[in-house]
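Protein chains in written order, with my numbering: chain A, 1 to 353; chain B, 1001 to 1353; chain C, 2001 to 2317; chain D, 3001 to 3258; chain E, 4001 to 4258.
For the record, the hints were derived by calculation from the structure and aren't laboratory data.
It is possible that part of the hints are untrue.
Mimicking PhoX-like on lysine-lysine, the simulated pairs with C-alpha atoms at most 25 Å apart in a straight line are [what the hints assert, rightly or not]:
1. K1194/B with K234/A
2. K1182/B with K2285/C
3. K2167/C with K2285/C
4. K246/A with K3249/D
5. K1192/B with K234/A
6. K192/A with K182/A
7. K1192/B with K2199/C
8. K1145/B with K1234/B
9. K2133/C with K2063/C
10. K2222/C with K1194/B
11. K2042/C with K2003/C
12. K4108/E with K4131/E
13. K145/A with K3016/D
14. K2063/C with K194/A
15. K2285/C with K1062/B
16. K2167/C with K62/A
17. K234/A with K147/A
18. K1147/B with K1234/B
19. K1194/B with K1062/B
20. K1182/B with K2222/C
21. K2285/C with K2270/C
22. K1182/B with K1192/B
23. K1062/B with K2246/C
24. K62/A with K2003/C
25. K2133/C with K2222/C
26. K2199/C with K1062/B
27. K147/A with K3169/D
28. K3249/D with K3226/D
29. K2301/C with K2246/C
30. K1192/B with K2222/C
31. K2246/C with K2298/C
32. K147/A with K1031/B
33. K31/A with K4016/E
34. K2298/C with K2133/C
35. K3108/D with K3066/D
As the structure is a prediction and not an experimental result, all values here were calculated from the model.
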Amino acid sequence: MSTPQSYEAAVAGSPDKVAEFDHGPQSFIQKFQHALHVTPSLVPLIVLVMSIVIFGLLLGSKFFSPFAMTLILQQVGIVGIVACAQSLVILTAGIDLSVGAIMVLSSVVMGQFTFRYGVPPVMGVAFGLLCGLLCGYINGWLVAKMKLPPFIVTLGMWQIVLASNFLYSANETIRSQEIAEKAAFLQFFGEKFKVGGAVFTYGVIFMIALVLILAYVLRHTAWGRHVYAVGDDKEAAELSGVNTDKVLISVYMLSGLICAFAGWALIGRIGSVSPTSGQLANIESITAVVIGGISLFGGRGSVLGTFFGALIVGVFTLGLRLLGADAQWTYLLIGVLIIAAVAVDQWIRKVSV
Amino acid sequence: MSTPQSYEAAVAGSPDKVAEFDHGPQSFIQKFQHALHVTPSLVPLIVLVMSIVIFGLLLGSKFFSPFAMTLILQQVGIVGIVACAQSLVILTAGIDLSVGAIMVLSSVVMGQFTFRYGVPPVMGVAFGLLCGLLCGYINGWLVAKMKLPPFIVTLGMWQIVLASNFLYSANETIRSQEIAEKAAFLQFFGEKFKVGGAVFTYGVIFMIALVLILAYVLRHTAWGRHVYAVGDDKEAAELSGVNTDKVLISVYMLSGLICAFAGWALIGRIGSVSPTSGQLANIESITAVVIGGISLFGGRGSVLGTFFGALIVGVFTLGLRLLGADAQWTYLLIGVLIIAAVAVDQWIRKVSV
Amino acid sequence: DEKVTACLITKTDTNPFFVKMKEGATAKAEELGMELKSFAGKIDGDHETQVAAIETCIADGAKGILLTASDTSSIVPAVQQARDAGLVVIALDTPLSPIDAADATFATDNFLAGELIGQWAAASLGEEAANAKIAMLDLGVSQPTVGVLRDQGFLQGFGIDLGDPNKWGDETDPRIVGNDVTAGNEEGGRKAMENLLAKDPMINVVYTINEPAAAGAYEALKSIGRENDVLIVSVDGGCPGVQNVKDGVIGATSQQYPLMMASLGVEAIKKWADEGVKPEPTPGKAFFDTGVALVTDKPVKGVESIDTTEGTNLCWG
Amino acid sequence: MEPILRGRNLVKRYGKVTALDHCDFELMPGEILAVIGDNGAGKSTLIKALSGAVIPDEGTVELDGKPVNFHSPIDAREAGIETVYQTLAMSPALSIADNMFMGRELRKPGWRGQFLRQLDRSRMEEVAREKLNELGLMTIQNINQAVETLSGGQRQGVAVARAAAFGSKVIILDEPTAALGVKESRRVLELIQDVRSRGIPIILISHNMPHVFEVADRIHVHRLGKRLCVIDPKQHEMSDAVAYMTGAKEPDPELSAA
Amino acid sequence: MEPILRGRNLVKRYGKVTALDHCDFELMPGEILAVIGDNGAGKSTLIKALSGAVIPDEGTVELDGKPVNFHSPIDAREAGIETVYQTLAMSPALSIADNMFMGRELRKPGWRGQFLRQLDRSRMEEVAREKLNELGLMTIQNINQAVETLSGGQRQGVAVARAAAFGSKVIILDEPTAALGVKESRRVLELIQDVRSRGIPIILISHNMPHVFEVADRIHVHRLGKRLCVIDPKQHEMSDAVAYMTGAKEPDPELSAA
Ligand SMILES: Nc1ncnc2c1ncn2[C@@H]1O[C@H](COP(=O)(O)OP(=O)(O)OP(=O)(O)O)[C@@H](O)[C@H]1O
Ligand SMILES: Nc1ncnc2c1ncn2[C@@H]1O[C@H](COP(=O)(O)OP(=O)(O)OP(=O)(O)O)[C@@H](O)[C@H]1O
Ligand SMILES: O[C@@H]1[C@H](O)[C@H](O)CO[C@H]1O
Ligand SMILES: [Mg+2]
Ligand SMILES: [Mg+2]
């Protein structure tokens, strides 16, 4: 064994400190930008609070009341649940275009198993959840094992699942009255309770619980860290010991399962089982995720942000409607909001910490 | 100046040949896979020919006739044109969700300028084309200069343009008979001529010409090479001297312009100007692009492939309908087709040349 | 001065039919010094947005809701919630199921609308009706109820045996060449017509869900030079549609009266707010029938109709 | 003495390219084995085949004399083989601690760990800081910093520290100093010697001949997808090694048999 | 003699990091100037500021004594400055010829070029092959091969050949041999000397001291975002250079003024 080359020895005695540069004076804007950078869900939270305040000032107690506030929660309930599923998938740098279709098919399965085959409602629900899980598994398998792009897989599955839904249900709606009479369990998530003027449904409680659980799991468990790692750099995660296939399949399965729960909550919300529901769930869930600050490139953002994102859309929709704005103007403004949200996000990302 | 380190001199006399490995015997499959690898539009072409042959065998002259064949061309005309625009954007690793909305708004502008403001039809068309160009410019500017993800930009623009379309048109349809009487130029692309049993419209001719021109431009001009380079690796393209912002903006503008032409062709096809058309143009154009073998990650594929992709969908749709399958089964099969097409593509990509 | 607020909730705000409805409601509300808020789904069948709209109206303190439901039975719990909150809910155009889930219904009888054009088509063909080749251009794969009612009404009127009257496409009569979906617009109408023509180029009767689909079908027929020997029938009676009847594009169409539905509805809400009185249905029917009239310039024996001049006067009145 | 890690007759093809061409490999206990060769000779592919990142088309891998079948890097890690790949394999948006414990996270003791599966963040951070300090490798202010905010050299350091901290059987380093400056390279070399002194054998791929000759016990010369020969740096000149690996000179037949 | 390329007082900040901290720079006509420094010292940022890839927050760049304002690498290229970036900057799916002519494609003569804007493929391929052969750098069988199918060394070769072929004023190479083997590195060094012999000055960033001392006429030592000193390799030892750049030793004040 030879010794180090002579010139290399000159390293000895070099300072051990990491290079530190003169930061220069930092403006308030820069500090603020930095705070936003480290807590990604802060931006949607600020936007949410500001929009509530502004609409509250414009509309008074009509808007700024426990009733209206909890109404928004109810209105974003389904989209909020689906957006949780969408968040998981987008965190892995994927996208799930089939969420709406899976939701509807699952709700149809719950209804048809109960009414067509006469299984007990609890079992009907179980089969519906299983159906969502299975659809998610197929998505996950195609993405992880066949290495197909998620956009394509779920684009295809969207059409397949939706067509299956129409074929299987024979386009039949199961009426609310009938369900209430014979299988009220299917409507479980629609049940309400009041706290003062505030009205909550179990569906809303479920959504909030789901958000909190997912936030915990993503932040505080190994699986959660792996979801971020896979979205961040799949190959790197693989090489550093994450079973990426398993993570991906589990994410898509969980997404499918959550969509099935959304389907159950949907029965609670609309009362009936209707195969034509949920056609906009894709776009609306992606919108909530994006406004909530999760990066479409994966690995960055939080499910809390998604929740705030869904609420922002809900607040804008209700607020603008109460102000008397026309529906098309609302859509136009939501379009502007989407672009603006991401522009703000991009500005924050610019900061190197 | 010192001399090379002694040990490095040992390099002298080393063989100059690039390492070549023993290839081992190559199976027919491998050779075929290789051929497909170097000519990406070959796969959709083969699928197209095969599906025509199969439906021809199953359905006989009902399907395999000049009339049916040219009917398919007419049916895919609009989607084919829009898919050309979509191809350009996807080649730059983007996606354009606003194509359908731009198409409809442009056609509405053509109609309204002619009928509401009484400008000559030629000018009406010109304003419509300008409208498409402008929408494309906004998309391109947001993507290139603001560095926002194309998915978000065009998701937002989709809603904005569509809402503008409904607000501006006041949902009024301009009837075919009225247009034929007072502004036949708007229906120019709908005019047809016969060659034996085959029926062509100028819209179809335009689509084919557009495909050929784009194929030429992408392959044989510097701009075309730059489009691929930007999609392949934007930063690399930038550093090696491509004005990527200019390329991106020009691509989105061209996409907008092509969509406006699609709007004009749409008037020709449906006779009237109807603000509710084109709602499926996004999904259908992306489907054609994907089946045509263009990579959603950009930089790979050809516009000829897209053309074949659009035709494959057309052949399947008409073929299945003639076989008596109902609309739902057709959707289901197209879903399967999308996934299968990309799976095949992935298999081909595996080959390292 | 608290203005009385009324809500109008339609399936979409892009279909000209609903645009008219909104016009009628807005005009009437202005006349009566009321405030009108209008809501709509994004696409036909967008049921969730309608539920949210009902909730919004309750929150807004509206006195009543005019509703064309996208999903007639699913909407019932939301409607009940509004009624419990003291609002009067009036179904327009599309009856709820059950029909008495709403306080009142101002609607066209869609089955009857279909039946009229079916009878007209059969009578126009006379003997030849036995050999007719019929194309059925329906709305969408999800088979919404209006679509089913018109489709089945047409077939019944034409004299074809129905299968399950709650769905289309299960009939066995060989005269039906096929069903295809149009999304209720020109583009879909043309493509569906082309598909069915490829199946059988000798089609001579075309049922269409609405007039935009009919216009699209006409373009398809025109492109193969058969526009003059095919009967196209449709439903709606919108002004462009009646014009198309006049121009010979459509043979006959069943006219309905959305503007009337809307203005009657607004009046009823005003009455409810002022006097607490709910509207009564047409005697002998479960709903207030705003009527349907067959518009054609080629009247046939045994089927009552009005001509296009009258149709134009009434169009969507 | 038995080799601790051995590859026999390994073959890996990528389409038309045969990256490994019936290649043999042996690592002895406690040694630093350098692997040298031209660009594209197949060095990275070889170590990927040994560490489960690539599944060879033919051939077998043996650990401690027993055949093993690694289906993924996870299997190899569980068997005690840690690898620093040429591309580093870090998740840029995650913290240093997250990256160090990726795939082997520590859970809280008690019910919170068992039922809530809660991570023991403070413990992981503590261990990570300890490992980095222990190796005297670097002065990182904040263990919760995202890896993307580190300089190339710091990143390389974290990767090497991770391998050194967890590798119990074998540590594999693929060009760990390629992008590093003079000072940073020296630190990594010191670390390598430090690890070896703990008795853990190391495979080092490098193009830097002086470094290779400084630390290696044996040198595996790789050429055209296979092992050309194994040489002893004490008995050979750098110029010999270079001549062999570039094909300028043929090695003695007895060397190739070694 | 006037410097051909000069930077004065250049500043570039990335958020909290000041990558260039009032840095000066001078390149003399016909020389090979090496730039050395620790990882993260700001070398790459410096050459990006000189070549238009980064727009400095403060300071000016002068070419031939005249201030220039490069807004993008295209501007710099048009002024005759060619750069091989550390990340190589190639489009993987495009061919070698496409990559070599990226952004300066040749069009067919006559109407086909003028009106149809048709590329002159055969001419571009011919020139590309000629350039690669002329530089004796490599044996590439097919000039239409996609760059992604080349080995790392071959890619580096194409990038260097491109710069050498088109650089008329200045050629900048950022760690051109970092990933290269012994043989491949030597070829690049030969190429650098070949280019200089054509009278074109070169800026070479490298961590390899022997290589730097072998080819450089002057050495710019970069530390903490600025030029610490400029030394003459004939009058200094490698160990001095290393000691300066790592901060182990302070350079003489007169060196810093140089
Ligand atoms: N994933 C892959 N797909 C196709 N070819 C590959 C792949 N990985 C490696 N190769 C090819 O296999 C051969 C060996 O590559 P490898 O990376 O093992 O070389 P190496 O000796 O590590 O080179 P270097 O010193 O440049 O890192 C090369 O020709 C390379 O192009
Ligand atoms: N795009 C960027 N965003 C944020 N920080 C950056 C960026 N580019 C460089 N830096 C930071 O600027 C400093 C100087 O980086 P630079 O790449 O110029 O160093 P270098 O001297 O080239 O190092 P090396 O020898 O490792 O290539 C580093 O701290 C780096 O992290
Ligand atoms: O119910 C409506 C109307 O009756 C009109 O025909 C528009 O389309 C349907 O959805
Ligand atoms: Mg390697
Ligand atoms: Mg650098």
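So, against the hints stated earlier in the document, which numbers end up violated here? 1, 2, 4, 5, 9, 11, 15, 16, 23, 27 and 35
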